Amino acid sequence: MIYTLFQRVIQACFVLLLVALVAFSMFRFVGDPVQGMLGQEATSADREALRERLGLTDPIVLQYARFVLNAVQGEFGVSYRTGESVADMISQRLPATLELALISGTFALLLGIGLGVFTAIRREGFVAQSIMATSLVGVSLPTFLIGVLLIWVFAVELSWLPSFGRSGVVDLGGWSTSLLTVDGWRSLILPAITLGLYQMTLIMRLVRAEMLEVLRQDYIKFARARGISTRRIHFKHALKNTLIPVITVAGLQIGSIIAFSIITETVFQWPGVGLMFINAVYFVDIPVMSAYLLLVGVVFVSINLAVDLLYLVIDPRLKANASEGHS
Amino acid sequence: MSRWDSDFVYAFKRSPVACVSAGVVCLLVLAAVFAPWIAPLNPFDMAALNLMNGFTPPLAPNAFTGETFLLGTDDQGRDLFSAILYGLRVSLFVGFAAVALAMFLGVFLGLLAGYRGGWVDTLIMRMADVQVTFPSILIAMLIYGVAQGLIAPDNRGDLAIGILILSIGLSEWVQFARTVRGTTLVEKEKEYVQAARLMGLNPLAVMVRHILPNVTTPVLVIATITLALAIIAEATLSFLGVGAPPTEPSLGTLIRIGQDFLFSGEWWILLFPALTLLLLALSVNLLGDWLRDTLNPRLK
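Order-wise, the sequence lines are chains A and B.
Numbering-wise, the first sequence is residues 47 to 373 according to the numbering used here.
Numbering-wise, the second sequence is residues 3 to 302 according to the numbering used here.
By construction, these hints were calculated from the structure, which means they are not laboratory data.
Possibly wrong hints are sitting among the right ones.
Claimed, not checked - Pairwise CB distance ranges, derived in the manner of DEER restraints: (1) B:Ala102 x A:Arg270: 33 to 39 Å; (2) B:Leu203 x A:Leu156: 57 to 63 Å; (3) B:Gly151 x A:Ala95: 48 to 54 Å; (4) B:Pro18 x A:Glu130: 55 to 61 Å; (5) A:Glu130 x B:Val134: 44 to 50 Å; (6) B:Ala13 x A:Ser275: 40 to 46 Å; (7) B:Phe46 x A:Ala91: 58 to 64 Å; (8) B:Gly267 x A:Ser176: 30 to 36 Å; (9) B:Arg118 x A:Arg270: 51 to 57 Å.
Since the structure is predicted, the reported quantities are computational estimates derived from the model, not experimental observations.
Just so it is clear, CB atoms sit at the ideal spot from N, CA and C, and this is done for glycine as well.
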């Protein structure tokens, strides 16, 4: 157990170092950092001086080590485009993205499990069948199109909700939140649905499939024979046993929620890190791109690690295997 | 081979979903290929555009010129039906080219990893593991950004389509490599491969001529499913403004343009490109699912 834990953590660190290497190579070799920082008017002597000062003349391995060390301390350099510190830019925008991800994740999980159970229990019913058919279209619908269609219906035609931006923001000592005002919630609804819809469909289909599998098992038949109420069987006996794969998938989906927030944030002009990243790609702002890559890398690797470890805790069979040496 | 001759065709004829989606895909591909002949106007010919025709609703005569357009026109008086046909051309071209690139790369690396084993295998498959941790759309965006940084600003417009193909292709190779490697590991232990090796054939010939034919079916299935992913990825990138250039608008670019006119009530500029994209993505998806279920249930 301890050995496997150790092994997984080492693997995660290795992956992170690799991601850092990619980020470093982008930073170092794509575009000239000195050119970006000094502008057009600088003399070549100025450039050489800055090059020396930034340590760009040192051996490449040393530069990489310094890059990793700086990144660990939250130092990502300066944006080529705005001249702001990248770390500041990220910390200003992170709350917006995290709140959006949190709300859409909660929406996806609650509605996904609810609809999944419903469509599994009422498998033959008309409503359940229509939900399943609609979900097939939902899977093929690209995220940005969902966003655009929601804006069309709820912002343009019905004028119920705002179509872009994040309003009603309250500053809580460095953390800006839009969850405390009605305006804030109103501007959050459409982006959250856009971002969560795909995950919701995925969770719904998974819960349904798992439920149908579990409901066929002997212990469910036995529970029925014992005369336990259908409600209790469905929710206590069946649903509980479907939750392990659901938690795994939901956990891994947190990563894609972060990635797809780029698209949602662009559609709704939501001022989060995703919008910052796409603007960086647009203007070839390499420091911002490489910082975002590192940030996302840390998030993804930690999620994968957490899911792996959770597996070890939940499933005793994996533990037995691991102690024999093959994981 | 019987699977291809009779069983497959029989299963295809029996499945309405397969027939309809294959029909739609064929229709859209043909429309894209023959766009210059079908389209009433060339949307890129500035001389043919009449600004007075701008914002003509579908099937209604324009207030100034009296001209009628099947799906209406955009702000510059460009016929939307023609623009969609040409957009479909760009979308499908990028989609097919990206899948071809991903397939070539994935099959090659998968064969190499499975056949060679050892550190080559470890290196390739670890790379695949790391890449799979990140959603492919994110990787495509990163590659796009890096490629933009590497080429001079003057050339960006001309090379945009190539960069788009490269970034989507490089982000989708893993699934191919994993499947091919799995089959290669099984096949290389079999006697016919051993025999080919003993005969002194070089490794490349053994890989391509003897092992490769075993993986064509799963590769075809994955290619179809990846095509749907690639089409959506292309549309997403173009919609976000980091894809096809404005001079060669794809369906995603058209949707991006259409979004600007939602608030002023010109709904058709958004709706028709969006519907075309949806139809294309849905039918390729359904076709891919059906192929997977029919040819290789294990891939499920």
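Hint-by-hint comparison with the structure:
1. B:Ala102 x A:Arg270: 33 to 39 Å: violated, 54 Å
2. B:Leu203 x A:Leu156: 57 to 63 Å: holds, 59 Å
3. B:Gly151 x A:Ala95: 48 to 54 Å: This hint is violated: roughly 24 Å between Cβ atoms.
4. B:Pro18 x A:Glu130: 55 to 61 Å: Because 57 Å falls inside the window, the suggested range holds.
5. A:Glu130 x B:Val134: 44 to 50 Å: Since A:Glu130 and B:Val134 have Cβ atoms about 33 Å apart, the given range 44 to 50 Å is violated.
6. B:Ala13 x A:Ser275: 40 to 46 Å: holds, 44 Å
7. B:Phe46 x A:Ala91: 58 to 64 Å: violated, 48 Å
8. B:Gly267 x A:Ser176: 30 to 36 Å: Check passed, 31 Å falls within 30 to 36 Å.
9. B:Arg118 x A:Arg270: 51 to 57 Å: Because 55 Å falls inside the window, the suggested range holds.
Checked against the numbered hints listed earlier, the structure breaks hints 1, 3, 5, 7; every other hint is satisfied.
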